[in-house]
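From first to last, the protein sequence lines are chains A and B.
Each residue of the first sequence is one higher than the one before, counting from 1 in the UniProt record's numbering.
Each residue of the second sequence is one higher than the one before, counting from 1 in the UniProt record's numbering.
Hints may be right or wrong, so weigh each one.
Chain B stretches covered by chain A per the calculated footprint, using a threshold of three residues with CB under 8 Å from any CB of chain A [claimed, not checked]: (1) 78–90; (2) 225–238; (3) 393–407; (4) 557–569.
In silico SDA-like links for lysine to any residue, alpha-carbon gap of 20 Å or less [to be verified]: (5) A:Lys-91 / B:Gly-84; (6) A:Lys-81 / B:Asp-491; (7) A:Lys-81 / B:Glu-156; (8) A:Lys-172 / B:Pro-351; (9) B:Lys-500 / B:His-450; (10) A:Lys-91 / B:Asp-77; (11) A:Lys-172 / B:Glu-163; (12) A:Lys-81 / B:Asn-79; (13) B:Lys-525 / B:Asp-541; (14) A:Lys-81 / B:Asn-291; (15) A:Lys-102 / B:Phe-568; (16) B:Lys-222 / B:Ser-247; (17) B:Lys-334 / B:Lys-369; (18) A:Lys-102 / B:Pro-82; (19) A:Lys-91 / B:Glu-83; (20) A:Lys-91 / B:Gly-86; (21) A:Lys-88 / B:Gly-191; (22) B:Lys-304 / B:Trp-270; (23) A:Lys-81 / B:Asn-352; (24) B:Lys-481 / B:Met-504; (25) A:Lys-81 / B:Ala-25; (26) B:Lys-452 / B:Ser-474; (27) A:Lys-102 / B:Asn-79; (28) B:Lys-500 / B:Pro-539; (29) B:Lys-126 / B:Glu-83; (30) B:Lys-126 / B:Arg-160; (31) B:Lys-261 / B:Ile-297; (32) A:Lys-102 / B:Phe-78; (33) A:Lys-81 / B:Ile-297; (34) A:Lys-81 / B:Ser-192; (35) B:Lys-334 / B:Trp-270; (36) A:Lys-88 / B:Ala-407; (37) A:Lys-172 / A:Pro-74; (38) A:Lys-91 / B:Gly-567; (39) B:Lys-334 / B:Gln-358; (40) B:Lys-222 / B:Val-259.
Since the hints were derived computationally from the structure, they do not count as laboratory data.
Heads up, the beta-carbon is just placed ideally off N, CA and C, and yes, glycines get one too.
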Amino acid sequence: MGVGSGMPTVNSHVSSCCLKTELTLGLPGGQKTSKSGSKRGFSETVDLRLGSSCDDEVSVSTPPPSKAQVVGWPPVRSYRKNMMKNCKYVKVAVDGAPYLRKVDLEIYTSYQQLLAALEEMFTCLTICNVVNERKIMDSSNGTEYVPTYEDRDGDWMLVGDVPWKMFVESCKRMRLMKSSEAVGLAPKTSSKGLSKS
Amino acid sequence: MAYSFPEEVLEHVFSFLSSDRDRNAVSLVCKSWYEIERWCRRRVFIGNCYAVSPDIVIRRFPEVRALEMKGKPHFADFNLVPEGWGAYVHPWIRAMSAAYPLLEEIKLKRMVVTDESLELIARSFKNFKVLVLSSCEGFTTDGLASIAANCRNLRELDLRESEVEDLSGHWLSHFPDNCTSLVSLNMSCLGSEVSFSALERLVARCPNLRTLRLNRAVPIEKLPNLLHRAPQLVELGTGAYSAEIRSDIFSNLAEAFSVCKQLKGLSGFWDVVPAFLPAMYSVCSGITSLNLSYATIQSPDLVKLVSQCRNLQRLWVLDYIEDTGLEALAASCKDLQELRVFPSDPFGAEPNVALTEQGLVSVSEGCPKLQSVLYFCRQMSNAALVTIARNRPEMIRFRLCIIEPQAPDYLTLEPLDAGFGAIVENCKELRRLSMSGLLTDKVFEYIGNHAKKLEMLSIAFAGDSDLGLHHVLSGCESLRKLEIRDCPFGDKALLANAAKLETMRSLWMSSCSVSFGACKLLGQKMPRLNVEVIDERGPPDSRPESCPVEKLYVYRTVAGRRADMPGFVWTMDGDKSLTFS
Chain A
1 MGVGSGMPTV NSHVSSCCLK TELTLGLPGG QKTSKSGSKR GFSETVDLRL GSSCDDEVSV
61 STPPPSKAQV VGWPPVRSYR KNMMKNCKYV KVAVDGAPYL RKVDLEIYTS YQQLLAALEE
121 MFTCLTICNV VNERKIMDSS NGTEYVPTYE DRDGDWMLVG DVPWKMFVES CKRMRLMKSS
181 EAVGLAPKTS SKGLSKS
Chain B
1 MAYSFPEEVL EHVFSFLSSD RDRNAVSLVC KSWYEIERWC RRRVFIGNCY AVSPDIVIRR
61 FPEVRALEMK GKPHFADFNL VPEGWGAYVH PWIRAMSAAY PLLEEIKLKR MVVTDESLEL
121 IARSFKNFKV LVLSSCEGFT TDGLASIAAN CRNLRELDLR ESEVEDLSGH WLSHFPDNCT
181 SLVSLNMSCL GSEVSFSALE RLVARCPNLR TLRLNRAVPI EKLPNLLHRA PQLVELGTGA
241 YSAEIRSDIF SNLAEAFSVC KQLKGLSGFW DVVPAFLPAM YSVCSGITSL NLSYATIQSP
301 DLVKLVSQCR NLQRLWVLDY IEDTGLEALA ASCKDLQELR VFPSDPFGAE PNVALTEQGL
361 VSVSEGCPKL QSVLYFCRQM SNAALVTIAR NRPEMIRFRL CIIEPQAPDY LTLEPLDAGF
421 GAIVENCKEL RRLSMSGLLT DKVFEYIGNH AKKLEMLSIA FAGDSDLGLH HVLSGCESLR
481 KLEIRDCPFG DKALLANAAK LETMRSLWMS SCSVSFGACK LLGQKMPRLN VEVIDERGPP
541 DSRPESCPVE KLYVYRTVAG RRADMPGFVW TMDGDKSLTF S
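With these hints in hand, go ahead and build the complete structure from the sequences.
This is how it looks when you write it as structure tokens:
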């Protein structure tokens, strides 16, 4: 496909500082910039018990549905998406990011897919908190986040605790919390996760 | 000369002018005509709520009775505009509550409306008649209850496609028993069940009710009760169109439909059970507008229904209709003017239905009045587009979405430049165009050369360079709205055509290559434009000037920069390099 012809000209003067923010054009799924190895993604931060979900493979490289990665494409109105099938849009807030996004939980079939999609959506986050060039290059300082969600009872829980389908049903909204703040997370099981935030 | 006519005579003459263009022209003739006209303008249309301020509108037009206004850019429909961006209606309602006590109509699109606003409307305008909230959000059913309870002469309450926080269905019961004025009620976007008896009584006591669009929660078994109480209905939106298949339900429904001799428009049809479709056959010959775009039924059932509707002018349908269904449509519905085919599975990797470019070609061949198309499909060819263009030179709106971005002509693997070129070259009346597929700068050259009446253009994943954007901005004389995403358009074309932007309503560019420096320059050069950068990464001046901005929204305004920008929107003011609100 003619991806090459679509690339923007980024002048070299800028390229060093703009690598991570470079707007790439190209097909969904194919446009993922290579991640620097030392940035820890969500999937590494949270110990997922994928085995508890009935239909998940354990393989980490399951790609999310590729078309869903491109925001707003194909251009189907969210009203229509909501009406068409069981659409479960939840708001996702990220500590440090200036605005919310919405994700449709129904299009994913596993935590792995959801988290990979969130990573894709919020890759620019590492830039937000960084002021000078060196920090951008020095990815081992990338901020780590812990995905949490508010369930039907209003309690904040750690994402990954319950079987996937149960999570989709009970999740009202999500928050990617800085792991430095996520101190005192109750480990899975017994008592409900975090205090309300 | 103007003063030889008394004002009242001129005012009477002007009262026959309804179009804004005519009224604007009249007000430019001379000062006295300007004065007379402004005092008798009753309807105001504001295409961009930030292009003007409430005070300016009120000062110029002191006797307005109807306001129609739009807020967020169109791409907000596809989640490209972050939440909290703006388009709040409340400042307008506040200002109008004092200035326009006789206001009767408010129609809003893509705006944020709160319960507070709705309550203020309900309290402030004693003669309030029409509320249309199209794709709006921010309010709950409590706000609706205020409107229902207080607007004694309410004629229209239309919530089409709005996102309403649905606390309960109780709001409907707030219509007082002496409310008999309803002409149009559209509650299709609501989830909760309203009190059915309240709904029945409301419908029964409103003899002028012409449009009733129910929500999904109204079951099909109850539909006959409503139809019997409103046999004069012209437009009906059903609720869920499914039930246990029982002959009594069917016969009641069929009988109720047969009583509605005036029905022209049908919509709704969620959860359709095909067995109940024939209950509608008695009205089909009168139907001119059919919205089946939520009906998940297969082609054979769709064909049976649609071929009964010989007078159909507008059809919205899912791609379940397939090419064969569209062929049948082309054979039966010779009056068809507008066709919209929506994708049943837009995110699936593989096609799930046999719908291709051929369906659209068939319709373009068989329907001589076809002028408005919205079509989602998975393959397209230049040959098909050329055929469509030649078949239908009177096309006015052509929106094609090939689901895979940058998909080439599937037969030749070439870009679709020639095909879209044929569209703009043949369809000289084209006012709106949305393109998709693999497109180079060439297609923009065609557009710039030929699309002289084009008013709105939507571009995604297209073009090679700034030249593409330059062709459009320099060639499209009638362009008012341009929205672009994921295209390699940058600074040069934008800055070279800065003056053009003042002749347009707005320009949206996201995921392109426009640098922060160019945005600043544009803001400085063009004081009558608001140049707004939307960027999630923090202040643009924390990055080099040559760094591309995430999103850019430029619009002309007489109101100056807006005061309600959220933290992720920066205006490129002439005075300072960055201003926060």
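Okay, the hints, checked on the actual structure:
Under a criterion of three residues with beta carbons nearer than 8 Å to beta carbons of chain A, the stated coverage of the segment 78–90 of chain B is upheld, 6 such residues being counted. As drawn, the segment 225–238 of chain B meets chain A at 0 residues by the rule of a beta-carbon pair under 8 Å; below three, the given contact is violated. Counting residues of the segment 393–407 of chain B whose CB falls under 8 Å from any CB of chain A gives 6; the rule of at least 3 is met. Check on the segment 557–569 of chain B: 3 of its residues sit with their Cβ under 8 Å from a Cβ of chain A, so the three-residue criterion for coverage holds.
The hinted pair formed by Lys-91 of chain A and Gly-84 of chain B meets the criterion: a straight-line CA distance of about 13 Å does not exceed 20 Å. In summary, the hint linking Lys-81 of chain A to Asp-491 of chain B is not supported, as the alpha carbons are separated by about 35 Å, beyond the 20 Å threshold. The suggested pairing of Lys-81 of chain A with Glu-156 of chain B is violated, with an alpha-carbon distance near 26 Å, which exceeds 20 Å. Note on Lys-172 of chain A and Pro-351 of chain B: the hinted pairing is violated, with a Cα-Cα distance of about 32 Å set against a maximum of 20 Å.
Simply put, Lys-500 of chain B and His-450 of chain B have alpha-carbon atoms about 17 Å apart, close enough for the 20 Å limit, and the pair holds. Only pairs whose Cα atoms come within 20 Å are accepted, and Lys-91 of chain A paired with Asp-77 of chain B is accepted, the gap being roughly 16 Å. For the suggested pair Lys-172 of chain A and Glu-163 of chain B, the alpha carbons sit about 16 Å apart, so the restraint of at most 20 Å is met. Pair hint Lys-81 of chain A plus Asn-79 of chain B holds up; C-alpha atoms about 12 Å apart against a cutoff of 20 Å.
Between Lys-525 of chain B and Asp-541 of chain B, the direct Cα distance comes to roughly 19 Å. Compliance with the 20 Å bound is thereby established for this hinted pair. Distance check on the hinted pair: Lys-81 of chain A and Asn-291 of chain B sit about 16 Å apart at the alpha-carbon level, within 20 Å; holds. Taken as a hint, the Lys-102 of chain A and Phe-568 of chain B pair is honoured in the structure, with Cα atoms around 17 Å apart against an allowance of 20 Å. Restraint check for Lys-222 of chain B and Ser-247 of chain B: the C-alpha separation of about 15 Å stays at or below 20 Å, so the hint holds.
Of the pairs offered as hints, the one joining Lys-334 of chain B and Lys-369 of chain B holds, with about 7 Å between alpha carbons and a cut-off of 20 Å not exceeded. The suggested pairing of Lys-102 of chain A with Pro-82 of chain B holds, with an alpha-carbon distance near 9 Å, which does not exceed 20 Å. Note on Lys-91 of chain A and Glu-83 of chain B: the hinted pairing holds, with a Cα-Cα distance of about 10 Å set against a maximum of 20 Å. Proximity of Lys-91 of chain A to Gly-86 of chain B is assessed by CA-CA distance (about 18 Å); at most 20 Å being required, the pair is judged to hold.
A C-alpha spacing of about 14 Å is found between Lys-88 of chain A and Gly-191 of chain B, which places the hinted pair at or below 20 Å, so the restraint holds. Between Lys-304 of chain B and Trp-270 of chain B the alpha-carbon distance is near 18 Å, which keeps this suggested pair within the 20 Å criterion. In summary, the hint linking Lys-81 of chain A to Asn-352 of chain B is supported, as the alpha carbons are separated by about 17 Å, within the 20 Å threshold. As the CA atoms of Lys-481 of chain B and Met-504 of chain B are separated by approximately 6 Å, the hinted pair is consistent with the 20 Å bound.
A threshold of 20 Å between alpha carbons decides the hint, and for Lys-81 of chain A with Ala-25 of chain B the separation of about 43 Å lies outside it, so the pair is violated. Annotation: proposed proximity of Lys-452 of chain B to Ser-474 of chain B holds, straight-line Cα distance about 11 Å (limit 20 Å). For a cut-off of 20 Å, the pair hint linking Lys-102 of chain A to Asn-79 of chain B stands: about 8 Å separates their Cα positions. For the hint linking Lys-500 of chain B to Pro-539 of chain B, the alpha-carbon distance of about 28 Å lies beyond 20 Å, and the restraint is violated.
Taking the CA atoms of Lys-126 of chain B and Glu-83 of chain B, the gap is near 33 Å; set against the 20 Å cutoff, the hint is violated. Note on Lys-126 of chain B and Arg-160 of chain B: the hinted pairing is violated, with a Cα-Cα distance of about 24 Å set against a maximum of 20 Å. With a C-alpha separation of about 26 Å, the suggested pair Lys-261 of chain B and Ile-297 of chain B falls outside the 20 Å cut-off, and the hint is violated. A threshold of 20 Å between alpha carbons decides the hint, and for Lys-102 of chain A with Phe-78 of chain B the separation of about 11 Å falls inside it, so the pair holds.
Proposed proximity of Lys-81 of chain A and Ile-297 of chain B is supported: the alpha carbons are some 17 Å apart, at most 20 Å. A hinted pair counts as satisfied when its Cα atoms are at most 20 Å apart, and Lys-81 of chain A with Ser-192 of chain B qualifies at roughly 18 Å. At roughly 27 Å between alpha-carbon atoms, Lys-334 of chain B and Trp-270 of chain B are farther apart than 20 Å, so this suggested pair is violated. A threshold of 20 Å between alpha carbons decides the hint, and for Lys-88 of chain A with Ala-407 of chain B the separation of about 29 Å lies outside it, so the pair is violated.
Taking the CA atoms of Lys-172 of chain A and Pro-74 of chain A, the gap is about 25 Å. The hint is violated against a cut of 20 Å. Taking the CA atoms of Lys-91 of chain A and Gly-567 of chain B, the gap is near 18 Å; set against the 20 Å cutoff, the hint holds. With a C-alpha separation of about 18 Å, the suggested pair Lys-334 of chain B and Gln-358 of chain B falls inside the 20 Å cut-off, and the hint holds. In summary, the hint linking Lys-222 of chain B to Val-259 of chain B is supported, as the alpha carbons are separated by about 15 Å, within the 20 Å threshold.
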